[in-house]
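Read off the chains here:
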Amino acid sequence: MNSVVAGITYRAVLGRRRVLLLILLPVVLIGLALLLRAIGSTDEKATVTLMQTYAIGTMLPLLGLIAGTGTIAPEIDDGTIIHLLSKPISRPVIATTKFMVAASMLAVFAAVPTFVAAWLLIRDEAGIASGFALGALIGGIAYAAVFLLLGVVTRHAVTIGIIYAVVWENLVGGYVPGARNFSIQQWAQTFADQISTSGFFKASVGMGFAVPAVLIVTIGSVVWAGQRLRSLSLTGDE
Amino acid sequence: MSEPIPAPAPGPQLMPTGVIHDIGYRHYDGPRLGRGHALGALTLHSLRGVFGLGRTARAKIMPFLLAGVMMLPAVVSIAVMAMIKRPGLPYPAYAVTMQAVLAVFLAAQSPYLVAPDLRFRVLPLYLSRPTTTGDYVAAKLAAMALALFLLIAAPLTVLYAGELLVDLPGPPHTHDYFAALATAVVYAVLLSSIGVALASFTPRRGLGVASVIAVYLLSSAISAVLVGVLMSVSRDSAATWAWLINPFFLVDAVQVWIFGTDPNNDGGYPSGVGGPVAVLAVLAVIALCVTALVLRYRKAASS
Chain A
0 MNSVVAGITY RAVLGRRRVL LLILLPVVLI GLALLLRAIG STDEKATVTL
50 MQTYAIGTML PLLGLIAGTG TIAPEIDDGT IIHLLSKPIS RPVIATTKFM
100 VAASMLAVFA AVPTFVAAWL LIRDEAGIAS GFALGALIGG IAYAAVFLLL
150 GVVTRHAVTI GIIYAVVWEN LVGGYVPGAR NFSIQQWAQT FADQISTSGF
200 FKASVGMGFA VPAVLIVTIG SVVWAGQRLR SLSLTGDE
Chain B
0 MSEPIPAPAP GPQLMPTGVI HDIGYRHYDG PRLGRGHALG ALTLHSLRGV
50 FGLGRTARAK IMPFLLAGVM MLPAVVSIAV MAMIKRPGLP YPAYAVTMQA
100 VLAVFLAAQS PYLVAPDLRF RVLPLYLSRP TTTGDYVAAK LAAMALALFL
150 LIAAPLTVLY AGELLVDLPG PPHTHDYFAA LATAVVYAVL LSSIGVALAS
200 FTPRRGLGVA SVIAVYLLSS AISAVLVGVL MSVSRDSAAT WAWLINPFFL
250 VDAVQVWIFG TDPNNDGGYP SGVGGPVAVL AVLAVIALCV TALVLRYRKA
300 ASS
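In order, the protein sequences belong to chains A and B. Numbering that gives the first Met the number 0 numbers the first residue of the first sequence as 0 and each following residue consecutively. Numbering that gives the first Met the number 0 numbers the first residue of the second sequence as 0 and each following residue consecutively.
Because the hints were derived from the structure by calculation, they are not lab data. Backbone N, C-alpha and C define an ideal beta-carbon position, used for all residues, glycine too. Any given hint could be a false lead.
Claimed, not checked - Restraint-style ranges between C-beta atoms, simulated for each label pair:
id: 1; chain 1: A; residue 1: Gly-78; chain 2: B; residue 2: Ala-286; range: 35 to 43 Å
id: 2; chain 1: A; residue 1: Ala-106; chain 2: B; residue 2: Ser-270; range: 42 to 50 Å
id: 3; chain 1: B; residue 1: Leu-287; chain 2: A; residue 2: Phe-199; range: 37 to 45 Å
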């Protein structure tokens, strides 16, 4: 961790239009929760639907994409990363710092609103609120690491990221059960299932697979991103 | 830094020392093709760029990969028709089934159309020619709309050709095919105006991609959550309205109302006033996006 790099990264991500998207997504989640309250469907099933479809299925990957790539990809894109890389700071430390920033932003913009939305609907009945908040937190950390790595590896990080999130996790994962094993949002649901006792919610990936998968993907991505930064090429393709 | 040029000594006896040499620059005396031609050229250039033609090999991967994925159901359907003599994917359902792919294509390619020109501040170069801001916006919108139309219409046409060749028992679904083609125009215009308008608000490509896909995912997730919850409390008529939040189902509702095709969702669309409302909603969204685009470029051109 390097506090100066962290400060610069926070300012870069929160000071631009990017922050509007980061705020919009959780605001819509809270708004949906309030709407469901207003039409009187404050039961477990509605809450689980909201959490699975919106909080974990849509908001988490999008926030991970915006925060994960946003911490490093714009700098690589316009070449200002060279000022950072030319300082006597080890490149893995830079990668770790940027990952920490992205992960902390996901905790604030994804995990906390997830808890608030579920709590608005059913308080902490059947552990749904705390379960999905934990799932969003862990899934958010994994997404932050993976999308940070993508941002370092390719200029088309956001496009490849949405193909992973939309086509692989949502489209292929919807039809092919095996694909769900390699989907971060399914791992997030596995963690949510550990705390939640709701009968309407069943994770499709076992804990024995999800824990090592999250650990390997997160640590592996951050380490790889650090190694990759050591030999970063700035010559772009367009 | 050069030394300051000494002021010429006053006096009529000094001859001027500077000479302008004629080094052969010539005026252009040929025909000028004018504004319409410039508009056409910019549209064609943008359309080629959307598919990566005239750009690097890397820029071609994504559009052609997605176009290939769009073709898959058509190929599979033809195989199904030929092997087991059963009708494949119906034409009116094609775009709705492939909505994720279309959304990814829109998100990935619309920032290319507008972001580089804004980022490198080359807009004044376009506007120093007969092209106006309106022309520029029209060309970019037309390019994206044409690209999306090709993306939907090509697999439909292949599928229709396949159906005619396989010659299943019963008449071919010609009405469905033309209905789907007409709807493809609506999809193309609606989606391209949303995508290009959103992408034009940021000069950064990555953020443009993220905001276009975020809007699609937001609308589809909100619609899915509301439909799921409303159906589970048996307020089915309210649920049929909730489908319309997703732009793809909104256009599908227009298709159902105008052409009388089968709805491609669970539970159908609101009956009665629902169809006209869907048409009005589509027109309103297009008008809103085009207005936003024109205002955006008026501001960008003056700055």
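Status of each hint after checking the structure:
no.	hint	verdict
1	A:Gly-78 <-> B:Ala-286: 35 to 43 Å	39 Å, holds
2	A:Ala-106 <-> B:Ser-270: 42 to 50 Å	46 Å, holds
3	B:Leu-287 <-> A:Phe-199: 37 to 45 Å	38 Å, holds
In this structure, every one of the numbered hints holds.
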